[in-house]
Amino acid sequence: MARIAGVDLPNKHVDVALTYIYGIGRSSAKMICKAIGIDPERSINDLTSEEINKLRQEIESDYKVEGRLRTETSLNIKRLMDIGCYRGVRHRRGLPVRGQRTRTNSRTRKGKRKTVAGKRK
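Positions in the sequence shown are counted from 1; adding 9 to them yields our numbering.
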């Protein structure tokens, strides 16, 4: 089992296994394979230690992944909240940030329903 960027990669095709690293999707994984000359259809267990080291170096040098990416994302959100812009206020209140309707949906952001008593006319 290969370990890259602090993540144990499962025994799957290289382009699929690389997506287990936070910050690498399918297209990035295919570009990484192409850059170092590894067939994306090969299995992770079939790679030599030299090829795994090439993968590791390529990811460390050209991509922001795992901890660094999570830190940058959280700092960006914190900056929005500090300057008090609309998006920052929505983050602070735990509401949808990108213009979705909130009257009926958005349960993922708002959480479980809280009943409000006395809605009589």
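Note that these hints are calculated values from the structure, not bench results.
Hints should not be assumed to be uniformly reliable.
Lysine to any residue pairs mimicking SDA-like chemistry, simulated, CA-CA at most 20 Å apart [stated by the list, open to error]:
| hint | residue 1 | residue 2 |
| --- | --- | --- |
| 1 | Lys87 | Arg102 |
| 2 | Lys87 | Gly97 |
| 3 | Lys123 | Lys87 |
| 4 | Lys63 | Lys87 |
| 5 | Lys21 | Cys42 |
Hints, verified against the model:
no.	hint	in the structure
1	Lys87 with Arg102	holds (13 Å)
2	Lys87 with Gly97	holds (8 Å)
3	Lys123 with Lys87	violated (27 Å)
4	Lys63 with Lys87	violated (35 Å)
5	Lys21 with Cys42	holds (14 Å)
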